[in-house]
Amino acid sequence: MYFAIKWHYDREKQWADRRALRRVGAKFVAVFVLLLLVLLSLTFGLASMLGMDLSLP
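Under our numbering, the first residue of the sequence shown carries the number 2, and numbering increases by one thereafter.
In short, the hints are calculated from the structure, not lab data.
Keep in mind the model is a prediction, meaning the values are calculated, not measured.
Built from N, CA and C at the ideal position, the CB exists for glycine as well.
Misleading hints may appear alongside valid ones.
Claimed, not checked - Pair ranges (Cβ atoms, derived):
1) L38 x A17: 45 to 55 Å
2) P58 x R20: 45 to 55 Å
3) P58 x L37: 20 to 30 Å
Work out the full structure: start from the sequences and follow the hints.
Right, dumping it as structure tokens:
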């Protein structure tokens, strides 16, 4: 009986760790994409201010 209870407790703890890892990973991806979009917009803004042609052929 003790081992069955311990197994369920350990299993729940393992799932909680996975959920925390997914949450941190999702936050990291969201911040990375946001920073990438900001960098892209700043790059295109600077290029247009300098008079570069950004049109596709």
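Each hint tested on the structure:
With their beta carbons about 32 Å apart, L38 and A17 fall outside the hinted range of 45 to 55 Å. In this structure the hint that P58 and R20 lie 45 to 55 Å apart at CB holds, the actual value being about 48 Å. Here the CB-CB span from P58 to L37 is close to 25 Å, well matched to the stated 20 to 30 Å.
Violation of the numbered hints given earlier is confined to hint 1; every other hint is satisfied by the structure.
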